[in-house]
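K.L.:
Given next are the chains, with one letter for each unit.
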Amino acid sequence: MASSPVLQSAIATASNNQTGVDPSYMASMLTAIAQTESSGNQNAAAAPTAGNPNPTSKGYFGITDAFSQQWGGQSTASLDPGWQATTAATGLAYYTQLYNGNTELALAAYNKPASAAAINTYMNNNPGTSFAYAANATGNSASLTYVNQVESNSATPLPGSTATNAAIDAAANPAPTYTVADSDNIPVVGNVTGQAVTTQVAANVTPTLIVDTDLTLTPWYKDSDLVRGTKKLNAFNPPVSFQILLPNGQLLGHPGAAPITLRLNASIKTYDIEQSHVVNNTITRTGMMMTMWGQQADLITGTASTGAFMNQLGLTQFMSMSTLDVQTQQLLNQSFDLSVGDEAMYKLANQPSALRVAAEDCFMEFLALFKNNGVVYFQPTNQQAQPIYNGTVNTTQQTGVTAWSPLAGSSTYEASYRNNDVLTRGEVVFYFGTNTYYGYFKSLNWRMDAEKPYQWDFNFVFQVEHTSSATFFPN
Amino acid sequence: MAQASDFSDVLPPYGDHELSPIQLPTRGEWALQPVPITPSAIDNAGPGAAVGDVNIPNARNFTIRAALYPYVDYVVVRLPHRGLTSTGAADPTQAAYYRFLINPSSVSVSKQTEDSQTMARAGWQFGVWGEGFTTISLSGKTAGQYFTNGLTNYFKEFTLSYRNLQQLMLVFGNNGYFYEGEVSGSPSSYAQQAFQRRRIKLHQDVELMVGNFIWHGMFQSLTVTQDADTPFLANFELKFMAWKEQYRSSSPYHNGKPNTIQRGHSYGEYTQYVTSMSISNAAQTQSLNQPSSSMGTEFLSYVRGAASQNT
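Protein chains in written order, with our numbering: chain A, 1 to 475; chain B, 1 to 311.
Certain hints may be false.
When the alpha-carbon atoms are kept at most 25 Å apart in a straight line, the in silico SDA-like pairs for lysine to any residue are as follows [stated by the list, open to error]:
no., chain 1, residue 1, chain 2, residue 2
1, B, 244, A, 368
2, B, 239, A, 368
3, A, 452, B, 67
4, A, 347, A, 73
5, A, 371, B, 210
6, B, 239, A, 457
7, B, 201, B, 28
8, A, 371, B, 117
9, A, 452, B, 210
10, A, 452, B, 201
A few chain A residues that don't get close to chain B, going by computed Cβ distances all over 12 Å [to be verified]:
no., residue
11, 5
12, 71
13, 74
14, 149
15, 258
16, 284
17, 287
18, 290
19, 305
20, 314
21, 339
22, 350
23, 365
24, 466
25, 473
Honestly, the hints are just simulated from the structure, not real lab data. Every residue, glycine too, gets a C-beta built ideally from N, C-alpha and C.
Assemble the whole structure, with the sequences as input and the hints as a guide.
P.N.:
This is the structure:
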């Protein structure tokens with residue numbers, strides 16, 4: 001930082017003497033500029049470059065002859081600290097007022113007025129556009145670099161800068177916090193008492209059981225970044241929940257961790273269970289022949305809604321996003337008009353998790369459950385170190401004629417094709433009220449309809465293989 | 001359209017190929033004939049100013065759109081290896097894209113489990129064989145057909161809305177197929193190749209993106225309905241069969257287990273066996289023999305004549 005007493009005195013005098021801008025604001029900017037332009041060297045002079053063979057900027061504040069003529073009242077710049085500070089303050093005060101207190105534009109104008117004007121025009125034509133985006137869009141990235149240097153050289157965030165505004169907003173609008181009241185415990189009778197897969201069991205399964213590492217991720221209903229309207233409702237009226245029972249009688253989960261539980265965001269809307277007996281009738285000349293086969297397996301049909309699609313900006317049709325790509329960033333920048341007070345919303349929308357949609361995330365977990373369906377797929381990643389067993393093949397492996405392998409019992413090409421084949425299966429455990437159904441999904445359909453915005457409707461058919469229900473009696 | 005590989009509209013002319021709209025190959029039973037036409041030709045052949053309105057067709061009418069530009073590419077059809085360079089030449093390293101002028105109003109997704117059930121004396125036996133094909137149905141309406149003097153049925157063939165629908169039919173017709181003789185040895189003009197069947201050489205998955213979903217598969221059916229009760233637009237229903245499902249990289253969701261195995265007739269596999277793919281330097285154009293200033297008018301007269309006979 002510029003620590004010369006002479007410079008500090010000059011800055012203080014110039015800041016207090018200029019009009020129209022808060023003196024402390026001016027002093028902060030001048031201090032940062034002096035550090036950027038000269039690193040506190042009174043006799044600094046710009047070196048010639050290919051683009052500017054005869055630079056005239058000099059002194060603490062890097063004042064050029066042109067700047068001197070416009071704001072210093074003399075044709076060439078002086079090295080006198082007092083004159084330098086006064087001239088710089090005069091120009092900065094003008095640009096600060098010209099750009100309505102926008103520090104970044106004022107600093108850019110101090111460095112290169114034409115670039116600042118172009119950036120300002122772009123920002124006016126594209127409300128909500130940030131200085132950084134506008135600088136790059138107008139080909140003035142050098143101005144952005146300069147402003148960033150000045151801001152980084154300031155001991156405290158400059159008033160009116162992006163960093164300062166963010167700090168002010170953060171103080172005025174602290175990030176929302178959510179208390180996760182509901183736990184993993186499923187308050188239903190008849191809960192499966194099985195345990196999650198242990199690490200040892202996972203290692204002893206042949207071929208080695210590959211447990212998806214995604215199972216360690218935070219479920220949507222415990223993610224405090226997600227906004228939803230069913231939180232309290234679910235605490236009183238538990239939604240439908242699912243678990244996966246493996247063939248060995250253990251519940252699927254990451255080895256050593258609790259079994260995974262999937263929940264619906266909103267409980268199902270309609271629930272039909274179809275029960276029937278199988279009877280074959282044959283009419284003969286001597287009478288009716290009947291063959292009774294017992295009860296048919298139950299079939300459950302459910303219709304449901306995902307629940308309202310909400311992100312941190314409210315109800316939305318926007319897809320759930322975990323990252324903001326350039327296109328989305330631009331769209332968001334155009335969506336908010338900072339001149340009418342949208343700045344807080346703009347900043348909120350630019351947070352990484354602002355566009356996560358709990359209802360969609362929940363449905364996607366349900367979709368993953370449907371895809372799994374209690375099935376154990378063949379993917380012997382650990383059986384062979386060769387990449388081909390991982391479901392990824394290179395060109396040679398794909399096109400070449402491969403030999404039969406006594407280890408895999410097939411050629412490598414055949415083995416790779418077996419990847420994701422059904423190896424064995426367990427069951428999906430479906431908790432609804434006091435009932436626990438074991439079976440698998442037969443179908444899943446969902447619909448995104450413009451007539452019913454902010455949600456998707458879906459229905460599923462669940463094939464029940466066996467059921468466990470509770471009945472209550474006074475104790 | 002701004003991008004060379006965007007097939008949402010008839011592509012803009014390139015240099016001296018002003019009358020050679022670039023198209024996707026289809027097998028041959030259905031062909032989209034590129035017909036150049038000028039606003040004055042439309043005016044001369046149709047009622048134009050004769051109806052008493054001072055507005056006459058002009059070049060801007062071809063791009064009138066009441067539909068808002070989409071906020072985000074929520075629905076996109078992607079055809080891998082069908083891209084074009086900025087000069088309109090085929091570029092198999094790029095993909096072609098189709099976007100709806102307005103997105104379908106309804107998207108229905110259907111998934112089925114492949115299973116079987118057998119009843120035995122000791123109870124039932126189930127077999128579960130994994131997930132079957134995913135079927136996606138998209139239905140919606142085209143944007144309003146705007147041309148000179150506003151919404152129109154008379155000039156609908158020239159509207160952006162109608163061309164967007166035609167391009168959808170073209171994408172549907174192509175459906176990821178590559179044909180033998182797309183370039184070398186094939187007739188170069190539409191007149192010569194009309195209705196001449198091509199043989200399918202390979203098929204590359206069509207990719208349908210809806211929201212966070214990316215489905216790999218092919219189109220099954222397309223139904224276009226025009227209804228006098230809802231004039232100035234068309235209704236469509238599109239069915240897509242998918243065998244792979246992925247998610248956009250910007251989504252919070254993780255794709256399933258990797259499986260990069262290509263089917264034997266995919267583009268990537270085919271190019272491993274055929275070292276010099278003929279399409280690699282191919283211009284996927286259907287050029288007219290010689291641009292004819294009267295052809296557009298003749299075509300228009302033909303259409304109107306046929307229409308008048310039918311009515």
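K.L.:
Run every hint past the structure and note whether it holds.
P.N.:
Going through the hints against the structure:
Taking the CA atoms of residue 244(B) and residue 368(A), the gap is near 14 Å; set against the 25 Å cutoff, the hint holds. Of the pairs offered as hints, the one joining residue 239(B) and residue 368(A) holds, with about 23 Å between alpha carbons and a cut-off of 25 Å not exceeded. Of the supplied pair hints, the one linking residue 452(A) and residue 67(B) holds, its CA atoms being roughly 20 Å apart against a limit of 25 Å. As the CA atoms of residue 347(A) and residue 73(A) are separated by approximately 42 Å, the hinted pair breaks the 25 Å bound.
Our distance criterion of 25 Å between C-alpha atoms is met by residue 371(A) and residue 210(B), whose separation comes to about 19 Å. For the given pair, residue 239(B) sits about 19 Å from residue 457(A) by alpha-carbon distance, which is consistent with the 25 Å threshold. For the suggested pair residue 201(B) and residue 28(B), the alpha carbons sit about 14 Å apart, so the restraint of at most 25 Å is met. About 19 Å separates the Cα atoms of residue 371(A) and residue 117(B), which keeps this hinted pair within 25 Å; it holds.
Between residue 452(A) and residue 210(B) the CA atoms are separated by roughly 17 Å; this keeps the pair inside 25 Å, and the hint holds. Restraint check for residue 452(A) and residue 201(B): not satisfied, since their Cα atoms lie roughly 43 Å apart, outside the 25 Å limit. In this structure residue 5(A) is separated from chain B by more than 12 Å, as the shortest Cβ-Cβ distance comes to about 53 Å. Interface exclusion of residue 71(A) from chain B stands, the closest Cβ pair being 44 Å apart, more than 12 Å.
Every beta carbon of chain B lies more than 12 Å from that of residue 74(A), the smallest distance being close to 52 Å; the non-interface claim holds. Annotated as non-interface, residue 149(A) keeps its C-beta farther than 12 Å from every C-beta of chain B; the closest such distance is 32 Å. Against chain B, the non-interface label of residue 258(A) holds: every CB pair exceeds 12 Å, the least being about 20 Å. Under the 12 Å C-beta cut-off, the non-interface status given to residue 284(A) relative to chain B holds; the minimum distance is some 21 Å.
For residue 287(A), the shortest C-beta to C-beta distance to chain B comes to about 23 Å, beyond the 12 Å cut-off, and the non-interface label holds. Under the 12 Å C-beta cut-off, the non-interface status given to residue 290(A) relative to chain B holds; the minimum distance is some 15 Å. For residue 305(A), the condition that its CB be more than 12 Å from all CB atoms of chain B holds, with the nearest at approximately 15 Å. Against chain B, the non-interface label of residue 314(A) holds: every CB pair exceeds 12 Å, the least being about 15 Å.
The beta carbon of residue 339(A) is kept farther than 12 Å from every beta carbon of chain B, the shortest such distance being approximately 21 Å. Distance to chain B confirms residue 350(A) as a non-interface residue, since its nearest Cβ pair spans about 14 Å, more than 12 Å. Listed as a non-interface residue, residue 365(A) fails to keep its Cβ farther than 12 Å from every Cβ of chain B; the least gap is roughly 9 Å. Non-interface status of residue 466(A) relative to chain B is broken: a Cβ of that chain comes within 12 Å, the nearest being about 9 Å off.
With a least beta-carbon separation of about 29 Å from chain B, residue 473(A) lies farther than 12 Å from that chain, consistent with its non-interface assignment.
When held up to the earlier numbered hints, the structure conflicts with 4, 10, 23 and 24 and fits the remainder.
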